[in-house]
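Visitor: Each chain, letter by letter, is given below.
Protein chains: 2
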Amino acid sequence: MNCILLPKNATSITEPTQITHIKEVLKSQVGDSLIIGEIGGKIGKATITSIDDHEVQLRDVTLDKNPPAKLNLTVVLALPRPKVLRRLIMDMTSLGVNKLIIVNSYRSQKSYWQSPLLNRMDEFVFEGLQQAIDTVPMLVEFKKLFKPFIEDEFPALLEDGEQSRAVIAHPYAMQSWKSYLADAKNKYRMPKVLCIGAEGGWIDYEVDLLCQYGCTSVSLGERILRTETVVNVLLGDWLKA
Amino acid sequence: MNCILLPKNATSITEPTQITHIKEVLKSQVGDSLIIGEIGGKIGKATITSIDDHEVQLRDVTLDKNPPAKLNLTVVLALPRPKVLRRLIMDMTSLGVNKLIIVNSYRSQKSYWQSPLLNRMDEFVFEGLQQAIDTVPMLVEFKKLFKPFIEDEFPALLEDGEQSRAVIAHPYAMQSWKSYLADAKNKYRMPKVLCIGAEGGWIDYEVDLLCQYGCTSVSLGERILRTETVVNVLLGDWLKA
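Here the protein sequences come in this chain order: H and L. The working numbering applies: residue 407 is where the first sequence begins, and numbers increase by one. The working numbering applies: residue 407 is where the second sequence begins, and numbers increase by one.
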């Protein structure tokens, strides 16, 4: 938690995890300064005027810095095992992904859709924002039907209809991400959509359908990586673009 | 577990986690083929001849493929909270890091060094290898004294004594990783050593000492990322180099 995210016009902190962080990790005292952000707004500072178990009061709230820019990127993610979802959401948020669309895939087990963790997206996004010192939540949507989503909604994500502005990470793709990236950078543009499979990857049918709707299939090489690792390895290239 | 890693000349599997994986995840039957690797050796296949709770027997063991190349990279990591160590070790292993040196740092709490997880490095490396279909373990060393390690042993990691062949990830560095990387790539060489801090980063004294011994300090930008995220974001650039 590198900043404390607060609702608009807040002059005190009542969220238990934030209070615990201030007391136990930061070990802040009355008179200390805190890095704060306004949800959806600017970043700044405030001074602590009182601390107890239920509330931390603030004065001199100054919000004067814009949050870091978001990546011009929508991630389409096959629903993974719920236990990895928290870290995935946090990482994507902290890396600045604009929008996340979680879709069903052949290898997403039906039980995953029943997980109570799916109702906790806002909380995981919030954690990612407070990690990265950002204030603007990543948008998260769920699409339980893969084919209708790809056929009816996916093309609009590419908007300008340009080819190859969407990539699908697939360990067995012929083209390497490296060569794709070199080409994209030469053209001064990164893909606007990145599709990432869950454990076990996409099945051929899914890869084919995505490619039919404008995706280019790319591989990171021989090593098979965990979903979380792939996400960070790939998103790093938008961060550095 | 994308391959089952076995000792040299093994014709059966007796490791409980591997047997559970074969039975419950792969749902393999007698006659099915398995992707296997010989620890430190080649990768190949074998056919299952019997499965019970304590042993999976194999025939036609064929080891004919070299493991993927390791990255020419040593990571120097400040000892993080033990609970993140397993994933960090797995990820670095699966991404192909050659050697990991875990050092003490100002922000590594003393209690971290007492964690029983520090005795389980081999197990975490093994998991990373089986994830990535690799067979050659990442070397892991511990250095409990930061200053003597940097002064006496760090320079040898750079071997050829070239400047700027080591980088330290530091959120407040002046130079961006992107500009450093562009320069490194123009010279057809990536740094041989990457130093990554734990939660809260390196303190100034540590950054200064590392820089004095040949490191260049680089930043990934405004966003403050978790250690695990930084590791994957940066290592991706060696993977793609």
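Rather than coming from a laboratory, the hints here were simulated on the basis of the structure. Small disclaimer: the values here were computed from a predicted structure and weren't measured. Any given hint might turn out to be false.
Just a few of them, taken from the derived set where beta-carbon distance is under 8 Å, the chain H residues facing chain L [to be verified]:
1) Pro474
2) Asp497
3) Tyr518
4) Met580
5) Leu626
6) Gly627
7) Arg632
Just so you have them, the derived chain L footprint on chain H, three or more residues with Cβ under 8 Å [claimed, not checked]:
8) 410-421
9) 533-546
10) 641-647
Glycine included, each C-beta is placed from N, C-alpha and C at the ideal position.
Visitor: All the hints need checking, so say for each whether the structure fits it.
Guide: So, going through the hints one by one against the coordinates:
| no. | hint | result |
| --- | --- | --- |
| 1 | Pro474 | holds, 4 Å |
| 2 | Asp497 | holds, 5 Å |
| 3 | Tyr518 | violated, 15 Å |
| 4 | Met580 | violated, 16 Å |
| 5 | Leu626 | holds, 6 Å |
| 6 | Gly627 | holds, 6 Å |
| 7 | Arg632 | holds, 6 Å |
| 8 | 410-421 | violated (count 0) |
| 9 | 533-546 | holds (count 4) |
| 10 | 641-647 | holds (count 5) |
When the structure is compared with the earlier hints, violations turn up for hints 3, 4 and 8 and for no others.
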